[in-house]
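Participant: With the sequences and hints as input, model every part of the structure.
From first to last, the protein sequence lines stand for chains R and S. The first sequence maps to residues 1 to 116 in this note's numbering. The second sequence maps to residues 117 to 226 in this note's numbering.
Do not take every clue at face value.
[Claimed, not checked] As a list, the in silico BS3-like pairs of lysine-lysine whose alpha-carbon atoms are at most 30 angstroms apart:
no., chain 1, residue 1, chain 2, residue 2
1, R, Lys17, S, Lys185
2, S, Lys185, S, Lys213
3, S, Lys119, R, Lys57
[To be verified] Covered by chain S, according to a simulated footprint, are these stretches of chain R (three or more residues, beta-carbon under 8 angstroms):
no., segment
4, 63 to 75
5, 107 to 116
[What the hints assert, rightly or not] Away from chain S, derived, C-beta distances all over 12 angstroms, residues of chain R:
no., residue
6, Ala2
7, Glu14
8, Lys15
9, Gly16
10, Glu20
11, Asn52
12, Ser58
13, Thr78
14, Gln83
15, Gln84
If you are wondering where the hints come from, they were derived from the structure by calculation, not from laboratory data. No residue lacks a Cβ here, since even glycine has one placed at the ideal position from N, Cα and C.
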Amino acid sequence: GAGVSQSPSNKVTEKGKDVELRCDPISGHTALYWYRQSLGQGLEFLIYFQGNSAPDKSGLPSDRFSAERTGGSVSTLTIQRTQQEDSAVYLCASSPHSGQALQPQHFGDGTRLSIL
Amino acid sequence: DAKTTQPNSMESNEEEPVHLPCNHSTISGTDYIHWYRQLPSQGPEYVIHGLTSNVNNRMASLAIAEDRKSSTLILHRATLRDAAVYYCILRDLDDYKLSFGAGTTVTVRA
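Facilitator: Structure (structure tokens):
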């Protein structure tokens with residue numbers, strides 16, 4: 001079946017511009033996560049959505065970052081006034097249900113964001 | 117948070133087994149041991165998880181020490197496609213945030 005789909009796969013933009021990254025989770029998965037992975041670094045949690053509950057935004061690094069999930073499916077991560085330190089691979093993952101260690105997270109291949 | 121320790125890198129020959137160790141001496145009784153891997157230019161991929169007993173699936177086997185302070189991921193016959201970074205992590209039942217360290221970079225020689 002179809003996995004997690006992210007678009008675009010690559011994005012190059014100038015410092016100060018806004019960018020939108022899209023994630024299509026696996027159909028039926030109620031939990032959706034955004035992470036980022038900088039070059040040579042580990043995985044950094046950004047935000048988590050679970051059904052109709054309020055999202056956990058505790059990992060967003062600044063108020064320039066925001067995310068929404070419409071209709072419990074597609075999610076968009078928006079970065080305003082991009083800075084060079086925002087350059088990273090942004091990964092989206094989904095799982096059938098959150099809060100349970102037995103549920104593996106299924107990742108997309110990410111969006112590689114480069115800020116010039 | 118309980119942490120894990122893995123070797124930085126390992127090499128293997130194609131079609132030979134690979135044993136990837138992971139130390140987690142401060143593991144708590146409710147922590148599950150999970151393994152993910154990340155192939156070049158791809159997102160992480162779930163491999164296997166376990167609590168106390170050894171586990172097998174189509175991708176790998178997980179051997180867990182009796183005291184649970186260490187575990188070993190076993191790839192029975194390495195292929196070139198198994199070249200990846202392998203991450204060993206601990207997850208409590210309420211822990212939905214994944215956090216990876218440096219992992220073990222596995223190189224497979226043809």
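Participant: Does the structure break any of the earlier hints, and which numbers would those be?
Facilitator: Violated hints (numbers, rising): 1, 4 and 12; every other hint is consistent with the structure.
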